[in-house]
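Student: Sequence:
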Amino acid sequence: MSLGAAKSYLSTIASRRSYYALKKESTIPDSRVVEIVQEVVKHTPSSFNSQSTRAVVVFGDEHVKVWDFVLKALKPLAADEVAWSATEAKVNNFRSAYGSVLFFEDQTVVKGLQEKFALYADRFPQWSEHTSGAHQIHVWTALEAEGLGANLQHYNPLIDEDVRKAFDLPESWTLKSQLVFGTPAAGAGDKELAPIEERVKAFGAKN
Numbered sequence: 470m471s472l473g474a475a476k477s478y479l480s481t482i483a484s485r486r487s488y489y490a491l492k493k494e495s496t497i498p499d500s501r502v503v504e505i506v507q508e509v510v511k512h513t514p515s516s517f518n519s520q521s522t523r524a525v526v527v528f529g530d531e532h533v534k535v536w537d538f539v540l541k542a543l544k545p546l547a548a549d550e551v552a553w554s555a556t557e558a559k560v561n562n563f564r565s566a567y568g569s570v571l572f573f574e575d576q577t578v579v580k581g582l583q584e585k586f587a588l589y590a591d592r593f594p595q596w597s598e599h600t601s602g603a604h605q606i607h608v609w610t611a612l613e614a615e616g617l618g619a620n621l622q623h624y625n626p627l628i629d630e631d632v633r634k635a636f637d638l639p640e641s642w643t644l645k646s647q648l649v650f651g652t653p654a655a656g657a658g659d660k661e662l663a664p665i666e667e668r669v670k671a672f673g674a675k676n
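The sequence shown begins at 470 in the numbering used here and counts up by one.
These aren't lab readings, by the way, just hints derived from the structure by calculation. Mixed in with the good hints, there may be bad ones.
Calculated lysine-lysine pairs in the PhoX-like style (CA-CA distance at most 25 Å, straight line) [as the list claims (entries may be wrong)]: (1) 660 x 511; (2) 585 x 492; (3) 544 x 511; (4) 559 x 511; (5) 660 x 675; (6) 634 x 541; (7) 670 x 493; (8) 492 x 660; (9) 670 x 476; (10) 541 x 511; (11) 645 x 634; (12) 660 x 670; (13) 544 x 670; (14) 476 x 559; (15) 580 x 541; (16) 534 x 634; (17) 493 x 580; (18) 534 x 660.
Computed beta-carbon distance windows for the label pairs [said to hold, decoys possible]: (19) 530 x 622: 15 to 25 Å; (20) 557 x 504: 26 to 36 Å; (21) 561 x 584: 35 to 45 Å; (22) 500 x 664: 34 to 44 Å; (23) 661 x 500: 19 to 29 Å.
Every residue, glycine too, gets a C-beta built ideally from N, C-alpha and C.
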């Protein structure tokens with residue numbers, strides 16, 4: 470990769486932000502969204518080449534269905550009507566977006582690796598989380614490079630069973646996150662960055 474190519478890549482990463490105000494619109498066809506997710510799942514690395522990540526992309530009524538599951542799960546947990554009103558408004562922001570990408574990890578794959586490589590058995594669940602995170606950030610960044618906005622949510626495990634039944638998914642698929650996307654209705658806001666010198670250390674560099 471040339472220096473110029475790396476600069477472009479890093480610029481795309483730097484421009485990725487959390488957009489919470491999203492329209493039920495898209496800058497690209499649904500087929501392109503699916504293609505992006507497919508390419509990310511195909512090429513993102515995983516420990517021992519496990520390829521344990523699974524993804525479900527939902528649009529239209531199927532997207533709304535997912536967020537209705539969230540509303541149903543959260544309402545009994547609200548402390549009072551005031552708390553519920555705030556929660557409902559927050560979730561409805563996600564519900565009114567264009568679509569969602571649901572990320573899962575296939576526990577059959579993880580358990581298979583634990584059995585095959587017993588020495589690392591306690592590590593495979595953590596490594597599975599690593600690859601899931603890599604998939605999430607790749608899809609998020611790629612969608613925003615196409616002019617979409619997105620934000621990442623985690624309403625699992627509250628909605629796991631409803632999602633599994635609604636889309637006839639294997640029991641072994643464990644939901645990890647929900648990436649909500651759509652055309653931005655407002656800016657992402659300012660982002661405060663901690664001093665990079667406190668977060669990155671380098672030793673032995675020659676130039």
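Student: Now look at each hint and say whether the structure bears it out.
Tutor: Comparing the hints with the structure gives:
1. For the hint pairing residue 660 with residue 511, the CA-to-CA distance comes to about 31 Å; that exceeds 25 Å, so the pair is violated.
2. Under the criterion of a C-alpha separation no larger than 25 Å, the hint pairing residue 585 with residue 492 is inconsistent with the structure, at around 46 Å.
3. Restraint check: the Cα-Cα separation between residue 544 and residue 511 comes to about 37 Å, which exceeds 25 Å; the hinted pair is violated.
4. Simply put, residue 559 and residue 511 have alpha-carbon atoms about 33 Å apart, too far for the 25 Å limit, and the pair is violated.
5. The hinted pair formed by residue 660 and residue 675 fails the criterion: a straight-line CA distance of about 33 Å is larger than 25 Å.
6. Between residue 634 and residue 541 the CA atoms are separated by roughly 15 Å; this keeps the pair inside 25 Å, and the hint holds.
7. Pair hint residue 670 plus residue 493 does not hold up; C-alpha atoms about 43 Å apart against a cutoff of 25 Å.
8. With a C-alpha separation of about 22 Å, the suggested pair residue 492 and residue 660 falls inside the 25 Å cut-off, and the hint holds.
9. Proposed proximity of residue 670 and residue 476 is supported: the alpha carbons are some 21 Å apart, at most 25 Å.
10. Restraint check: the Cα-Cα separation between residue 541 and residue 511 comes to about 34 Å, which exceeds 25 Å; the hinted pair is violated.
11. Between residue 645 and residue 634 the alpha-carbon distance is near 16 Å, which keeps this suggested pair within the 25 Å criterion.
12. For the suggested pair residue 660 and residue 670, the alpha carbons sit about 22 Å apart, so the restraint of at most 25 Å is met.
13. Between residue 544 and residue 670, the direct Cα distance comes to roughly 46 Å. Violation of the 25 Å bound is thereby established for this hinted pair.
14. For a cut-off of 25 Å, the pair hint linking residue 476 to residue 559 is broken: about 36 Å separates their Cα positions.
15. Between residue 580 and residue 541, the direct Cα distance comes to roughly 32 Å. Violation of the 25 Å bound is thereby established for this hinted pair.
16. Proposed proximity of residue 534 and residue 634 is supported: the alpha carbons are some 12 Å apart, at most 25 Å.
17. Simply put, residue 493 and residue 580 have alpha-carbon atoms about 39 Å apart, too far for the 25 Å limit, and the pair is violated.
18. Distance restraint check for residue 534 and residue 660: the Cα-Cα separation of roughly 32 Å exceeds the 25 Å cut-off, and the hinted pair is therefore not satisfied.
19. At roughly 19 Å, the beta-carbon separation of residue 530 and residue 622 lies within the given 15 to 25 Å, and the hint holds.
20. Hint check: residue 557 to residue 504, Cβ distance near 34 Å, so the stated range 26 to 36 Å holds.
21. Distance hint for residue 561 and residue 584: a CB-CB separation of about 44 Å, consistent with the stated range 35 to 45 Å.
22. Here the CB-CB span from residue 500 to residue 664 is close to 43 Å, well matched to the stated 34 to 44 Å.
23. A hinted range of 19 to 29 Å for the beta carbons of residue 661 and residue 500 is inconsistent with their spacing of about 37 Å.
Of the numbered hints listed earlier, those contradicted by the structure are 1, 2, 3, 4, 5, 7, 10, 13, 14, 15, 17, 18, 23.
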